[in-house]
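S.K.: One letter stands for each residue in the lines below.
Number of protein chains: 4
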Amino acid sequence: MIVSMQKGATPEEIDAVVQRAHSLGMDVQLNWGTDKTVVAILGSNTGQLPTGTFAVLPGVEGTTRIMKPYKLSSRTFKPQDSTVSIAGVEVGGKRIVIMAGPCAVESKEQLMEAASIVKEAGASVLRGGAFKPRTSPFSFQGLKKAGLELLAEVRERFNMPIVTEVLSTLDVSQVAKYADALQIGARNMQNYALLSRAGKSKRPVLLKRGLSATVTEWLTAADYLLAENNDQVMLCERGIRTFEDSIRFSLDISSLPVIKRFSHLPVIVDPSHAAGHYAFVPAMAKAAIAAGADGLLIEVHPNPKEALVDGLQSLTPSDFTRLMQELKPLAEAVGRYI
Amino acid sequence: MIVSMQKGATPEEIDAVVQRAHSLGMDVQLNWGTDKTVVAILGSNTGQLPTGTFAVLPGVEGTTRIMKPYKLSSRTFKPQDSTVSIAGVEVGGKRIVIMAGPCAVESKEQLMEAASIVKEAGASVLRGGAFKPRTSPFSFQGLKKAGLELLAEVRERFNMPIVTEVLSTLDVSQVAKYADALQIGARNMQNYALLSRAGKSKRPVLLKRGLSATVTEWLTAADYLLAENNDQVMLCERGIRTFEDSIRFSLDISSLPVIKRFSHLPVIVDPSHAAGHYAFVPAMAKAAIAAGADGLLIEVHPNPKEALVDGLQSLTPSDFTRLMQELKPLAEAVGRYI
Amino acid sequence: MIVSMQKGATPEEIDAVVQRAHSLGMDVQLNWGTDKTVVAILGSNTGQLPTGTFAVLPGVEGTTRIMKPYKLSSRTFKPQDSTVSIAGVEVGGKRIVIMAGPCAVESKEQLMEAASIVKEAGASVLRGGAFKPRTSPFSFQGLKKAGLELLAEVRERFNMPIVTEVLSTLDVSQVAKYADALQIGARNMQNYALLSRAGKSKRPVLLKRGLSATVTEWLTAADYLLAENNDQVMLCERGIRTFEDSIRFSLDISSLPVIKRFSHLPVIVDPSHAAGHYAFVPAMAKAAIAAGADGLLIEVHPNPKEALVDGLQSLTPSDFTRLMQELKPLAEAVGRYI
Amino acid sequence: MIVSMQKGATPEEIDAVVQRAHSLGMDVQLNWGTDKTVVAILGSNTGQLPTGTFAVLPGVEGTTRIMKPYKLSSRTFKPQDSTVSIAGVEVGGKRIVIMAGPCAVESKEQLMEAASIVKEAGASVLRGGAFKPRTSPFSFQGLKKAGLELLAEVRERFNMPIVTEVLSTLDVSQVAKYADALQIGARNMQNYALLSRAGKSKRPVLLKRGLSATVTEWLTAADYLLAENNDQVMLCERGIRTFEDSIRFSLDISSLPVIKRFSHLPVIVDPSHAAGHYAFVPAMAKAAIAAGADGLLIEVHPNPKEALVDGLQSLTPSDFTRLMQELKPLAEAVGRYI
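Protein chains in written order, with my numbering: chain A, 100 to 437; chain B, 100 to 437; chain C, 100 to 437; chain D, 100 to 437.
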C-alpha cells in the first residue's frame, strides 16, 4: 500500500504512519519526493488491510492499494484456471457449457417441455427458479419447495443437472438438497451471510455480479465462498447498471478479459437478464463466446407469451435452437466447442 | 400502461393486446396515430403489472408505465406526510432528528464515550453496528450479540433510543429484541426475505437506498416493509454509485425533493457513508438539511484513528460538536429545529 | 407523445393540453383512466417535439415519447441498411472493414512502418491522428498540418484510404482536403457546430459515441450530419463511462444489436480506446465482430513503448498480425469476411 | 507516480522503468515488497506525465498517480481562494452571486421582463442564451447575433452584467464583444479548441462540468483556460449523468467540498439544468448554498408555459421571488449573504 503525505506533512506525522505499519507487522520504505513524501507499506497481506487504516492519520493525503483486496480468487494465489463440476458437467474446460431453461418453474408440463427443448438443442445444464426475487411484493414469488421438487423430478427424467437460485440463508440447506449448483443472484452478491452459508453447503456456486459491483468487489465477494473451503465457484456476468436506457442492463463484455487476467475462476455470461428483451439475446450470447466466456445462462420458455416471469427476455424453442446452431461455429472459431 | 404497436402491426396483433388486457380485468382504449397504434391499458392496478406482460406479444414495439410500480409508499396512496416514532423520538416532524455514534460497536468504553459526546452535542438517537457487512471476509465482522447487549446497556444509561443494522433473516428477532429501530443496509435493499422479516418485527425500520437503486426501486422496496402492516418506515439516502472517484459515493441530493413529491415517508441522510472521508461530511450534512432531510445519520468516534471500521469517515468529538452548532441556524433557516 | 395528467386534474387543465396540441397541428385522443386521464398526442412529427412543451402545463404529471427523437438515422425513415464508401472501401457490406494505425502521427518513418504492417496484415483503411484532443494542455497536441501531409503521402504510397479526426470547426475544410473520412471524437459528439460543418464537407464521417451519450442521443447527433444531405455516416462505439474502474471505458456491446434494430447506419467498434490497455483489445475486438460490428478501428504502433500518445492501448505489429488471423474465422462464423 | 511491477518481473524490466524515468529527468526510488517491486517516480511534474509512459513497459502491472494531473487550478499551486470579477460583480467573496434569466433570449419584451424580475428579486447577473446547443437539429437554435444585441441593450437598461454561452470557436470574438462573461457548456467542457479561444478572450469564463467528467478532469480542463493567462475562471456544477431517471441529471453536491479542498477556483451551481423540472429547483438551490456554492445560475422566464426552450425547468417570476426570500436566511446561516 502507498501512503502519500500532504505537502508540508511534519516528521511526526510521517513517523506516525511508520509506527502504525510496524504495529501491524509491516515494513515501510520512505520516498522523499520533491513536493511530498510517499510511504510504501510492504508486506504480503497489505491487500486485506483497509486503506482507511492509514488515511485516517493526520498529514495523510491519500492511500493507494498495490495489492488487490481479493486473495483466494486471484490468479496470483492460484495461477492455473480452475474448473467446476456440476454433477459431472465440467465448467471452465474446452467445452462451453450452455445452461438453459425457464426463468421460473411454473408447472411440471412447462418444465418438462423446456428441458426437452434445451437438451435436444445441446444445453447440458437445466436452469429454473423456484424462489424468485421480485422488485414488487405483489408479484409471483415462485413455487418454492414444490418448484424444487419439480426440478429434481425433471433432472431424473432428462439426466440433466440443475442450477437454481437461493435467496435466503433460511433456504440454503433445502435448496442444496435438490440442486446440483446454487445460484446467488445479483442483488445478493454482497449478502455475506448468504455467501457463507452457500459456501458451506459444498455445492458448486454460481455467483452473479451485483448490478453496480466492480470486478474487484465481485472477486472479493467470491472470496467469501472460497474462504469456506469451497473451490467450486463460478462467476456470472449479467450486465451492470449504467445510464443507457435502451436495454435493461449493460453487458460488461470487458469484464471477461479482465477476469481471465486477474482470476482463475470460470466465467458464465447471462445475456437474458442483461438484455431484458429476446431480440438482443443472440448478439450478446455470441459476443460472450467470442470474448472468452466459459458458458452461457439463457432463458428459454416453451411459450414466452404465457410466462409468469420475464417472458420478454425468454427465447422461444425455435429461436433457442437456431441460436445454438449459430453458436457452434463461433465456439470453434475461438478454439472451443459446445 | 401504454402499449405502442410497431408500424404495420396487424389488426390481429392489436386484438391480442386488447384480449390480454381484458383477461386481466383491465379496460383499453385504442389511439390510432399517423404512424402507429397506441393501446392505453386502463385500470387501478396497472402499476403493479409487469410491462413484459404486453411487451412480449407479437407486433408490440414498447410499453410505458403511467402508474408507478410502488403503491403503499406513494403519496397518491397516502397524501399526508408520515411520521415514525423511535421509542418516542418523532421522525418526520418539525424537528430534524440527529442519529449519531460509531460505525461499529467496539467496546463498552468506546460506546459509552461516543454516546456521551453525541448526546451532549444534541443527537437524539444513538447509532452503532453490532453486525457489520464487510466487503472482505477477512475483516472484522462486528461484536454481534455482545454488541447488541452493549447498545442496550448504553441506551439505559443515556436514555437514548438505538438504531442498529440487521444483516440476515436469521438475526431479525434477536436484533429486534434489543434495538429501537432496525437498519437495513444498502446492499440488502432488495434482499426481500430480510425486508419481509424486518417488516414483521413491527420495529421502525430505516431502509437505506441500494448503491444503484433508482428512487422508484427504493420506494418499491419500501412497499415490502409496508405490506407487512408496518407503517414505521424511514428512507435513508446514503449516496449512489457513479463514475466520480473523488469520494466514495455520490450523495444524490435531488432524491430528497423527488421523494417528498412522490412519497409520504420521512427521509434521513447519511453523509458519512457517502463521503467516505470526514473532511466532506459537514458540507454534505448541511446540504441535506437545506434540501429537506428529516434527519441525519452521522458517524462519530471518540478516537477515529483507532476505529476498527471506517474511521476515515468518522467525525471526532470536537468536529461533531462544531458541526451541530453550524447545523442549528441552518435548520431554522428552513423552518425547522434540531 | 403521451401526456399523463395528475390525479384530480381539472377539465380546464386537460383542455389546455388539447388546445396546445391543436395549435401545433396535432390531433389528440383522451383516455379516461380510473385514476388519471391520459392524453395521446397524435401526428407524424411528435418525435421532434420537446416533451417539455406539454410537461410545463399545469396539471400535467409527466410525458412519454412514443416516437423516437431521431429521424433521418432511424430504420423507420430508411428500412434498408446503409453503406458508406471510404474512397472505394465499402463499409456496411459483407466485408468487415479493419481500420488500423497509430493513435497519433508522429513522423514519416513511424507512419510508413505502421501502414506497411497493417496493410500486410489485412487492414483496408489507415487511421492516424494529426490533431489530438488531450485532457491536459501540457500534453503533445499532434503534428497538425504536417501530420495531414504525412497521411496523404502514405496514402499514395500504400494505396490505403485514411481516416483522421477533426477537432475544430476551424479545421474542417483543411482536414477534408486531405482525409478520405473525417472522424468526430467522443468529446465532440454533441459539438453541433462541428457536426454541421463536417456534414457539409460531404466527406464520409465516422461519429464516435459520446462518453455518456445514450444510443438515442447518439442517433440524434447523427441526424445533424444527415440533415446536411450527407448520407455517408458511420457510427463508432468506443466505450461508455461507468463505475467500473478495471478498464478505461466499458465497451457497450449491446449497443450493436440495439442500433441494428433501430437504425440503418453501419457501426464500427474501437476496442483500443475502450480498453485503454493492449491486453484487453483482442477479446473486445472478437466480441465486436460476433455481435455484428461492420468494422473495427484499432490502434497499432510499430513500437508502442516509444509512442507519444496512448502507447499502452496500441498493439504491437506481431500482436496485431496474430489478432487479424484470429478474427478471420470469427468473421466467417457470423457469415462475413475480412 | 508509483509504478508497481508484476510478481516475478526481471531485474532488466525494473531497470527499464528506472531508465525511462531518468530519461525524463525524474528520480526514482525502489521499494522491494514481499510479493512485488514498486518503483516510486519522483519529480515536480509527475502529475503532467501520462501514466501510460510507464504502464506500457514490459513487466509493469500498474501505475498510480500521486500528484494530480491538473496544476494551475490546484490549491497546491495557489493556496488562496480566487475571486472573479464580472464587470464589477465579485464572485468567490462573501456575497453569493445569483445569476438568473431565461434559458434562451427570445425577444426584447421577454428579456426586458425577465431582467426586471430577477433584478428586483436580488439577482446581480443576467443570464440568457443567444446560441443554443440543441440535441436535435430540428429545434430552435437561438437568435444568435440578434440575441447578443438584445442582451447588450438590456444590460445598459438594467445595469446588470450578462453571462451567455459560446458554442463555437468561430463565435468567440463576437460573443466576447457583447458578453461580460462567457459560458462554456457541459458538452464543450473538453472542446479544447474552444477552451483555448475562450481563455485568450480575457473575458471571465464560467466552465460547466461535462455530463460525465470527474472533478479531476474538470479541473484539468480549467487548466486549458488558465494556461492562456486568464485567471478569471469560475466552475459550474450542473449535474452529472447517472442511472437515476427521476430527474434529468444528478446534482453532484459533494463536488463542492471536493473542489474547495483541491482547487482555489470559485464554484457556481446550476440547479435548473440538473433538475430539468421547476419543482425540484428550490431544494437543489438551497442545498448548493448550504454546501458552499459561491453562486447560483437559475433559469427564470416571465411565462415558462410559452418558453421556446426548456420552459419546464424555468421558475416563474413569483416562484423565483419566493425562492430568493428563502435563500437569504440560508446564506446567513452559512456566514454569507446574497
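In short, the hints are calculated from the structure, not lab data.
Heads up, some of the hints might be wrong.
Which bits of chain B does chain C cover? Going by a derived footprint, with three or more residues having C-beta under 8 Å, they are [what the hints assert, rightly or not]:
{"#": "1", "region": "165 to 177"}
{"#": "2", "region": "249 to 261"}
{"#": "3", "region": "285 to 295"}
{"#": "4", "region": "354 to 367"}
Listed below are the simulated DSS-like cross-link pairs for lysine-lysine, each with C-alpha atoms no more than 25 Å apart in a straight line [claimed, not checked]:
{"#": "5", "chain 1": "D", "residue 1": "193", "chain 2": "C", "residue 2": "404"}
{"#": "6", "chain 1": "A", "residue 1": "106", "chain 2": "B", "residue 2": "404"}
{"#": "7", "chain 1": "B", "residue 1": "404", "chain 2": "A", "residue 2": "135"}
{"#": "8", "chain 1": "B", "residue 1": "427", "chain 2": "D", "residue 2": "106"}
{"#": "9", "chain 1": "A", "residue 1": "299", "chain 2": "A", "residue 2": "244"}
All figures in this text were calculated on a predicted structure; none of them were measured in a lab.
Glycine is no exception: its CB is placed at the ideal position from the N, C-alpha and C atoms.
S.K.: Could you work out which earlier hints the structure fails to respect and list their numbers in ascending sequence?
M.R.: 2, 3, 4, 5, 8
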